[in-house]
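Asker: Protein chains in written order, with our numbering: chain Z, 1 to 392; chain R, 1001 to 1392.
Wrong hints could be hidden among the right ones.
Claimed, not checked - Straight-line Cα separation of at most 30 Å, DSS-like style, residue types lysine-lysine; simulated pairs:
hint : chain 1 : residue 1 : chain 2 : residue 2
1    : Z       : Lys-53    : R       : Lys-1007
2    : Z       : Lys-64    : Z       : Lys-230
3    : Z       : Lys-49    : R       : Lys-1007
4    : R       : Lys-1029  : Z       : Lys-29
5    : Z       : Lys-7     : R       : Lys-1049
6    : Z       : Lys-53    : Z       : Lys-29
7    : R       : Lys-1298  : R       : Lys-1375
8    : R       : Lys-1058  : Z       : Lys-29
9    : R       : Lys-1375  : Z       : Lys-387
10   : Z       : Lys-53    : R       : Lys-1146
11   : R       : Lys-1029  : Z       : Lys-7
12   : Z       : Lys-92    : Z       : Lys-181
13   : Z       : Lys-29    : R       : Lys-1007
14   : R       : Lys-1007  : R       : Lys-1058
15   : R       : Lys-1007  : R       : Lys-1386
16   : R       : Lys-1029  : R       : Lys-1058
17   : Z       : Lys-58    : R       : Lys-1092
18   : R       : Lys-1058  : Z       : Lys-49
19   : R       : Lys-1298  : R       : Lys-1230
20   : Z       : Lys-49    : R       : Lys-1383
21   : R       : Lys-1181  : R       : Lys-1230
22   : Z       : Lys-49    : R       : Lys-1029
23   : R       : Lys-1176  : Z       : Lys-29
24   : Z       : Lys-387   : Z       : Lys-64
25   : R       : Lys-1053  : Z       : Lys-7
26   : Z       : Lys-29    : R       : Lys-1053
27   : R       : Lys-1298  : R       : Lys-1176
28   : R       : Lys-1092  : Z       : Lys-92
29   : R       : Lys-1146  : Z       : Lys-383
What the hints contain is simulated information worked out from the structure, not anything from laboratory work.
Spelled out, the chains give:
There are 2 protein chains.
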Amino acid sequence: MLNPKNKRIFLDYASVTPVVEEVLEVMQKCARENFANPSALYEEGRESKEVMKSARQKITDSLKCRPQEIIFTSGGTESDNLAVLGVFQSAKNSGLVSPHIITTQIEHPAVLEACRQTERWGGEVTYLPVSEDGLVSVKDVENALKENTVLVSVMMANNEIGTIEPIAEIGRLIKKWREKKSSNFPYFHTDACQAVLYQDIDVRRLGVDFLTLDGIKMYGPRGIGILYQKFNVPLSQMLYGGGQERGLRSGTENLPAIVGLSKAFEIADSLREKESVRLSEIRGYAFAEILSAFPNAKINGSTEERLPNNINACFPGVDSEFLVVALDVEGIALSYSSTCRTLKEDSSSYVISALGRENCATSSLRITLGRQSTKGDIDSLVKALKKVLNLV
Amino acid sequence: MLNPKNKRIFLDYASVTPVVEEVLEVMQKCARENFANPSALYEEGRESKEVMKSARQKITDSLKCRPQEIIFTSGGTESDNLAVLGVFQSAKNSGLVSPHIITTQIEHPAVLEACRQTERWGGEVTYLPVSEDGLVSVKDVENALKENTVLVSVMMANNEIGTIEPIAEIGRLIKKWREKKSSNFPYFHTDACQAVLYQDIDVRRLGVDFLTLDGIKMYGPRGIGILYQKFNVPLSQMLYGGGQERGLRSGTENLPAIVGLSKAFEIADSLREKESVRLSEIRGYAFAEILSAFPNAKINGSTEERLPNNINACFPGVDSEFLVVALDVEGIALSYSSTCRTLKEDSSSYVISALGRENCATSSLRITLGRQSTKGDIDSLVKALKKVLNLV
């Protein structure tokens, strides 16, 4: 059950996905039956440990990694922060004076703000531009690599415009560079929070050392995320204490959420292909309907290298915030940029600015589809848009 | 329902408390009905925001604070870390070269390890000893205060031996010192994770600037904690991103857990007095039974200034880990020190060492009571202890 008010249409799945009923059920069961601390020595503790082990093992099926390469965190923000700040601090601790990080101008604030923090700590950051299609160029990454580059962080798919970045290609480039330089650096991180429902996240194929995921973006529990950390890649901890998660993330493990996340992975894996096909079709329909109904409208970001659930359209001259508020009245829930941005009380999108479309940065809508979305939702959206834009 | 295997006896409530059924229910309801991001501008988002606001408001009833003084975190470890590292970094940023922190030798690892981290960052830490009763002396705190002291962190009640520290007295001392020196420093933090079920946590009465709580220790959800931060007291963030929690804790809010925690507070408030009386009586019974059955046994820590649910007994010459494992076989679940310590694969307790009882550090049992505990559990425990110690 997605929306209790079934007259409303939810088109903001990039912000949040509802928790699947099956996930809620396994979480309840776990909270009732396995409440003991997984570090406890007695029977109930050992059982909790087994439950955690089995949930971790199941998740390795999706990531194609080893169980000890998964760090459970409190969510995507913590995972991104841990990758960026953890690699930076570890490099500093190993004697590097001013470690250099390469990232892009369209990353999620959890990466961008962590990068800015490394600058305050004496680091150096290159924020790569993207093409007008919202794609980072592998050549640009190559040109930005330096002797002191310790990390490249490029998101797998953008949270506002859904563009899919060339992660595997960048992975190969970095591998070559490291071989040529006989260096362990740079490590490669990707935020795959938006991509996981539609893209293959095999970490070996992608060639990444770190990968971020979040339950909230994959119909899973809130307050739980993952940082995949390649075996033997050094990382400094950010949370200090009891030494859980191999000393990299202290704090008693959130077992019900871990079990729920494992179930969310299982469901995501089983639906990935089918949903990608189904939503691609709805997306194509939406592009056509929007462009035909509003001839001035433009789609932001590549329409090819793009998540099947993402539609981001510019309505030149119309204020994004007005559109969101007016559509809300018409029963449609969506955003003008990433939800996190609304906290800054800044209705302009830095992602769309980075496409070179300054005039669209305050005139665009992010329409994101999910498991409950239908073509009918697009019809309702277009109808409502016509109404609020006084075209009917 | 505490324990599905009703033949087993759980005496490790200081490690973890089961989630109350009512808490699970409000969490389920919230996950189903309020899945939207509280930062979203549309109706569902505004409703989530209202739900969060109301949960936050309810929690202020227990803490006697303002809503904007509550920071939701992922748990006690993060809250402790945020207080210690956040105050330290904020002081450094304001120009202090080597900020000084005062804490005790018996704090939880989440405080101790964070303090050690500040030493690696150029800070200075005083780890105060405690009396043989496990109590910190207010005079010792006073003598340790220096011009560069930025934080005093003393736990409200110890997680291993249950001793209740003189927080309100230390609060008054610090207030006087600040007035005398016309300084904002030092701030005062207390970890109240173990105390909240039995002690009044009115932050004004305690005179604290920061206070840590964790759902897992109060029959609430996992993966959620609180850091109370007194209004206007400066703090550096540890998680960078979307700017949630007034910029102090980025990451989408874990709404079901926040709502569940609020319910856990409500229940804790309603049971505090009654459970304190009931468990004090069982604790007194346990002290008497243990000391009479095992004349060599000693109680670790003050028997007066002590949480009603804590029994920590030394059995000289007997290995703690052996006891825990043997009692487990007899159907009794308890710990030898804090659960976090077992991760270090070190069966010695630094808390009991700090009492000057080196020989008890590896020969003690932590027996902690909770809502399901009865006198009959103590009878079973004593009987099992006699069996494993070959006294029958």
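Asker: Against this structure, judge whether each hint is valid.
Answerer: Evaluation of the provided hints:
{"no.": "1", "hint": "Z:Lys-53 - R:Lys-1007", "result": "holds, 26 Å"}
{"no.": "2", "hint": "Z:Lys-64 - Z:Lys-230", "result": "holds, 11 Å"}
{"no.": "3", "hint": "Z:Lys-49 - R:Lys-1007", "result": "holds, 21 Å"}
{"no.": "4", "hint": "R:Lys-1029 - Z:Lys-29", "result": "holds, 15 Å"}
{"no.": "5", "hint": "Z:Lys-7 - R:Lys-1049", "result": "holds, 21 Å"}
{"no.": "6", "hint": "Z:Lys-53 - Z:Lys-29", "result": "holds, 17 Å"}
{"no.": "7", "hint": "R:Lys-1298 - R:Lys-1375", "result": "holds, 20 Å"}
{"no.": "8", "hint": "R:Lys-1058 - Z:Lys-29", "result": "holds, 27 Å"}
{"no.": "9", "hint": "R:Lys-1375 - Z:Lys-387", "result": "violated, 70 Å"}
{"no.": "10", "hint": "Z:Lys-53 - R:Lys-1146", "result": "violated, 47 Å"}
{"no.": "11", "hint": "R:Lys-1029 - Z:Lys-7", "result": "holds, 20 Å"}
{"no.": "12", "hint": "Z:Lys-92 - Z:Lys-181", "result": "holds, 19 Å"}
{"no.": "13", "hint": "Z:Lys-29 - R:Lys-1007", "result": "holds, 20 Å"}
{"no.": "14", "hint": "R:Lys-1007 - R:Lys-1058", "result": "violated, 37 Å"}
{"no.": "15", "hint": "R:Lys-1007 - R:Lys-1386", "result": "holds, 19 Å"}
{"no.": "16", "hint": "R:Lys-1029 - R:Lys-1058", "result": "holds, 18 Å"}
{"no.": "17", "hint": "Z:Lys-58 - R:Lys-1092", "result": "violated, 44 Å"}
{"no.": "18", "hint": "R:Lys-1058 - Z:Lys-49", "result": "violated, 34 Å"}
{"no.": "19", "hint": "R:Lys-1298 - R:Lys-1230", "result": "violated, 40 Å"}
{"no.": "20", "hint": "Z:Lys-49 - R:Lys-1383", "result": "holds, 28 Å"}
{"no.": "21", "hint": "R:Lys-1181 - R:Lys-1230", "result": "holds, 20 Å"}
{"no.": "22", "hint": "Z:Lys-49 - R:Lys-1029", "result": "holds, 28 Å"}
{"no.": "23", "hint": "R:Lys-1176 - Z:Lys-29", "result": "violated, 51 Å"}
{"no.": "24", "hint": "Z:Lys-387 - Z:Lys-64", "result": "violated, 48 Å"}
{"no.": "25", "hint": "R:Lys-1053 - Z:Lys-7", "result": "holds, 26 Å"}
{"no.": "26", "hint": "Z:Lys-29 - R:Lys-1053", "result": "holds, 28 Å"}
{"no.": "27", "hint": "R:Lys-1298 - R:Lys-1176", "result": "violated, 38 Å"}
{"no.": "28", "hint": "R:Lys-1092 - Z:Lys-92", "result": "holds, 19 Å"}
{"no.": "29", "hint": "R:Lys-1146 - Z:Lys-383", "result": "violated, 69 Å"}
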